[in-house]
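Protein chains: 2
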Amino acid sequence: MAKQIIDFYWDIGSTNTYFAVHLLPPIAARHDATIAWHPFNLGYVFRANDYVLAEEPRAKLSHRGRDLRRWAEKYALKFSMPSQFPIKTSIPLRGSLTMRKLDLEVPYIQALFEAYWEADKPEIATYAGLKPIVESLGVDSAEFETMSESEEIRAQLAEETNTGMERGVFGAPTFFVGDEMFWGKDRMDFIDDELARKT
Amino acid sequence: MAKQIIDFYWDIGSTNTYFAVHLLPPIAARHDATIAWHPFNLGYVFRANDYVLAEEPRAKLSHRGRDLRRWAEKYALKFSMPSQFPIKTSIPLRGSLTMRKLDLEVPYIQALFEAYWEADKPEIATYAGLKPIVESLGVDSAEFETMSESEEIRAQLAEETNTGMERGVFGAPTFFVGDEMFWGKDRMDFIDDELARKT
Numbered sequence: 001m002a003k004q005i006i007d008f009y010w011d012i013g014s015t016n017t018y019f020a021v022h023l024l025p026p027i028a029a030r031h032d033a034t035i036a037w038h039p040f041n042l043g044y045v046f047r048a049n050d051y052v053l054a055e056e057p058r059a060k061l062s063h064r065g066r067d068l069r070r071w072a073e074k075y076a077l078k079f080s081m082p083s084q085f086p087i088k089t090s091i092p093l094r095g096s097l098t099m100r101k102l103d104l105e106v107p108y109i110q111a112l113f114e115a116y117w118e119a120d121k122p123e124i125a126t127y128a129g130l131k132p133i134v135e136s137l138g139v140d141s142a143e144f145e146t147m148s149e150s151e152e153i154r155a156q157l158a159e160e161t162n163t164g165m166e167r168g169v170f171g172a173p174t175f176f177v178g179d180e181m182f183w184g185k186d187r188m189d190f191i192d193d194e195l196a197r198k199t
Numbered sequence: 200m201a202k203q204i205i206d207f208y209w210d211i212g213s214t215n216t217y218f219a220v221h222l223l224p225p226i227a228a229r230h231d232a233t234i235a236w237h238p239f240n241l242g243y244v245f246r247a248n249d250y251v252l253a254e255e256p257r258a259k260l261s262h263r264g265r266d267l268r269r270w271a272e273k274y275a276l277k278f279s280m281p282s283q284f285p286i287k288t289s290i291p292l293r294g295s296l297t298m299r300k301l302d303l304e305v306p307y308i309q310a311l312f313e314a315y316w317e318a319d320k321p322e323i324a325t326y327a328g329l330k331p332i333v334e335s336l337g338v339d340s341a342e343f344e345t346m347s348e349s350e351e352i353r354a355q356l357a358e359e360t361n362t363g364m365e366r367g368v369f370g371a372p373t374f375f376v377g378d379e380m381f382w383g384k385d386r387m388d389f390i391d392d393e394l395a396r397k398t
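Here the protein sequences line up with chains A and B, keeping their order.
Using our numbering, the letters of the first sequence map in sequence onto residues 1 to 199.
Using our numbering, the letters of the second sequence map in sequence onto residues 200 to 398.
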């Protein structure tokens with residue numbers, strides 16, 4: 001049978017996606033499923049829905065911080081809220097599409113989430129800030145920037161975002177197994193069930 | 200050691216609370232913990248926070264329905280969306296405080312959730328609609344109404360709601376183990392962890 005695919009819609013600016021980046025791969029591995037990484041512009045989706053995280057009720061935002069620390073503790077992750085949040089994420093997202101062309105997508109995504117969500121490096125929003133990651137992967141940073149600024153890559157990120165919205169994406173992380181959509185770091189067991197159903 | 204207490208803030212009008220009413224008791228039992236049931240007016244809290252569920256993005260509301268059906272399936276619950284939703288819940292909430300005085304709080308709550316969330320009986324919003332539940336518990340329905348309309352019970356529901364908000368409640372279901380607050384039907388494993396930590 002063909003390998004199952006999990007479409008993973010991610011944005012480096014999404015706190016909850018950080019957790020999913022760590023929690024999904026073991027589940028995928030257990031079912032020998034492939035993760036198809038889809039960078040998309042979550043800020044664009046939020047604006048389309050008139051959603052502003054900072055406008056949530058104060059009690060909810062306060063609980064959110066407590067909840068995130070609990071998840072970090074439960075799964076022994078080095079999570080810390082970055083000193084700048086939110087950030088513009090188009091450049092690092094386009095960068096992941098460049099890295100896809102160079103067959104370096106997964107290590108780039110891992111390094112990106114570690115930099116922003118563990119090492120407090122909000123400078124990954126810029127090419128200068130991405131340089132250490134890019135060079136550690138053996139890619140020339142000027143070439144990386146040229147490719148990431150190309151019309152082709154720009155169009156590709158817009159298309160990923162639009163396709164996601166057409167499929168029903170309204171937040172991150174979002175996952176699809178076939179036509180079944182899952183939303184949230186807290187739906188891993190449902191993804192697990194869905195993969196098991198079809199294995 | 201004294202039994203641990205789980206404060207459970209619930210409103211019969213909350214879809215996600217229906218699931219928690221089924222998922223929490225086995226966890227409480229495993230730790231020999233007591234559930235302290237706190238009815239509160241979720242609509243009042245939502246209005247205080249300018250929150251209107253129906254104004255959520257269409258994609259999010261559509262996914263919500265899918266997610267609820269998945270939970271029902273996973274836990275083999277007879278959940279179905281009521282034909283009238285939302286409803287005014289002050290009367291059935293005050294009714295639970297009356298039943299608390301009569302030592303019938305838990306069977307009343309169970310019957311209430313079954314009526315609205317399984318048997319599509321939105322008439323539980325009224326005394327006439329509550330009558331079958333009240334009488335099945337051996338309580339005179341006229342007496343039930345008189346008690347539930349009393350100033351004492353009215354003040355008690357307002358106080359539960361205000362105390363909940365002071366403690367940080369912004370949605371339902373919400374739980375406290377000591378000062379630790381948990382929100383959502385999808386945080387049962389964290390409550391389990393918290394009880395285990397203190398057992």
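By construction, these hints were calculated from the structure, which means they are not laboratory data.
For clarity, every value in this text was computed on a predicted model and none was experimentally measured.
Wrong hints could be hidden among the right ones.
[As the list claims (entries may be wrong)] Derived lysine-lysine pairs resembling DSBU-like cross-links, with alpha carbons at most 30 angstroms apart:
| hint | chain 1 | residue 1 | chain 2 | residue 2 |
| --- | --- | --- | --- | --- |
| 1 | B | Lys273 | A | Lys74 |
| 2 | B | Lys287 | B | Lys259 |
| 3 | A | Lys74 | B | Lys397 |
| 4 | B | Lys397 | A | Lys60 |
| 5 | A | Lys3 | A | Lys101 |
| 6 | A | Lys78 | B | Lys397 |
| 7 | B | Lys287 | B | Lys330 |
| 8 | A | Lys60 | B | Lys330 |
| 9 | B | Lys300 | A | Lys74 |
| 10 | B | Lys287 | A | Lys78 |
| 11 | B | Lys287 | B | Lys202 |
| 12 | B | Lys202 | B | Lys397 |
| 13 | B | Lys277 | B | Lys287 |
| 14 | B | Lys259 | A | Lys198 |
| 15 | A | Lys60 | B | Lys273 |
| 16 | B | Lys273 | A | Lys198 |
| 17 | B | Lys397 | A | Lys88 |
| 18 | A | Lys198 | B | Lys277 |
| 19 | B | Lys202 | A | Lys3 |
| 20 | B | Lys287 | A | Lys74 |
Numbers of unmet hints, in rising order: 8, 9, 10, 11, 17, 19 and 20
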